[in-house]
Amino acid sequence: MEKTTASPVRLPLPAAEASLQHRTLWQDAIRRFFKNRLAIVGLAIVSFFLFLALFADLLAPYPYDYANFTKVLLFPFIDPAHPLGTDDVGRDYLSRLIYGARTSMTVGISVQLIALLIGIPLGGLAGYLGGKTDFAISRVIDIMTAFPGLLFAIFLITIWGGGLWKVILVLGVTSWIGITRLVRGQILSLREKEYIEAARCIGSSRWRIISRHLIPNTLTPLLVAISFGIPAAIFGEAGLSFLGIGINDPLPSWGKMVGISNAYVRVQWHLALFPTILIALAMLGFSFLGDGLRDALDPKLVE
Amino acid sequence: MTRYIFSRLLSLLFVLWVVSMITFSLMHSVPGGPFDETNQRLPPAAKANILEKYGLDQPVWKQYLNYMWNALHFDFGIPFQQPTTTVARLIAESWLVTVQVGVMTITLAFGLGFLVGIIAAYNQNSWIDSAVTFMAMLGITVPNFVVALWLILFFSVQLDILPSGGWSEPRNWLIEGVFSKDWILPVLAYALAPFSVVARYTRASVVDAINADYVRTARAKGLREHAVISRHVLKNALIPIVTVLGPEIPNLLTGSIFIEAIFRIPGLGKYFVTSTFNRDYPMIMALVLLIAILWGITYLITDILYTRLDPRVRLGGGGV
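From first to last, the protein sequence lines are chains A and B. Just so we're aligned: 144 in my numbering is position 144 of the first sequence, and the numbers increase by one with no gaps anywhere. In my numbering, each residue carries its 1-based index in the second sequence increased by 1000.
Hint data in this document are derived by calculation from the structure and do not stem from the laboratory. Predicted model only: the values in this text are computed from it and were never measured. Where a beta carbon is used, it is the ideal one built from N, C-alpha and C, also for glycine. There's no promise every hint is true.
[As the list claims (entries may be wrong)] Partial list, computed: chain A residues near chain B (C-beta under 10 Å):
#1 TYR128
#2 ASP142
#3 TYR195
#4 PHE242
Based on the provided sequences and hints, a complete structural model is requested.
In structure tokens:
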């Protein structure tokens, strides 16, 4: 239904008009995005978690590592000083949940940054140069795909040890493959497009083709890939921490809280319930946002 | 076709070889070893003896060659964490449990998912359709350990009708396992994600097939509805499903570390973690190679099935 608005964007145009068209692509996208109710819900959830992460110091009633040994395993809604109860060493659960958002967001965003830093140059090189470079990079991707991802992550954790930055590094090292493959494929298909050929024919410089055509056209699928990559990284961190080999104490992590709660699940139900709800909400929020972005940025997909 | 399969198998062997080399060198690049004296002190002579017994005193490249030579003769060594058994036997025992859970999960997820997907497609844009779509989205996005804990909180804590974990006895056959309550929650938690994927893809491809011209033709020439569904709609709807779902199978057959940890299932999962932490070199190698083989073979079968179901693929035509 949106087909008609999409076509002018793909035409080669003189410089001034091209930038004008480029802006309307984004305006179109924003308009489409805000027409999508689920996308707005996703944006709201993600913003909420980002807000928690940024202002955790102000929002949390206690520091995340403050333990009150006289109030261990307190149930929620009983003690007004600890509205969501306390954990197995008497730390305020609400505060730890809020700081957990900071851990999750830090991991999600940093891992994607690493993946982009590795993936864009590698994928770009493979796609643009082709030949031997492409062959070598593609074989590396093949082999990395054959490796069981989680096992590889556990492996690296045993080598490098746990902790926030090590977890980010480990997940970053295992998550660049998707980005590399995406950028490579995108550049490969763009290289053969008529408008690139046309640009070459009218004598555009190589740099101009890269900056005007290749980068903007790779940007939109990348943005979508990032919005799906962040929850994947959050899930990875939660999983490693759940197994007890991710984030180290006293730093809170939702996954670790779930892992510990498993031992208390028969009585202290709140220990398991609250962090699992937050993990599920975060995953849902990001996937709504990602779906919304994809539909908004790539009108060809909506048919 | 034979030539194609042969070349694919060759490239699988190549990947396995590289994977084995990387794993081996990564394993040995970790400082420390399986017989470090963290717990009890060993007399130097005893330690030298142990290292010699497992060939750990030799240079790494020689250890690698030894390992590969033995592996090619189907001797995968002795697990350091349980020296009284062999790696092959330990993996066979625990994998049996994992495969039981995996097979039940595949049956439930694929069977039910397919059915629900078809129902949703035939009731397009009704409340059934929205309910299925919403549930599928939940199942795809929410991690399985989160679902597992919700199921435990509801069915074994709140209602107290199902066990929250455990695997009462080592069962030798699938049928015996079905009569126990132990598997219900793990399989439900594990099946939700693949179920959602199956339901979503089935719905999408059935909707496509229903609106296709050949189905209209079939109706127009007066075929009965169930013949239209089984001969035309389902057959064509199967094609995209096969390619999407092939990759789910090795995942389900190697089990989920999380599900096995939460429900205390004595499957393959726990060895992923314990083996890397105990520097159990033979176990790590065997596990990595097992998974790499499963993946490679599943991809190959998926591709072959794809050309079987859709002859256009072989001709190099546009595909679906």
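We went through each hint and held it up to the structure:
no., hint, result
1, TYR128, "26 Å, violated"
2, ASP142, "6 Å, holds"
3, TYR195, "23 Å, violated"
4, PHE242, "6 Å, holds"
Hints 1, 3 from the earlier list are contradicted by this structure; the remaining hints agree with it.
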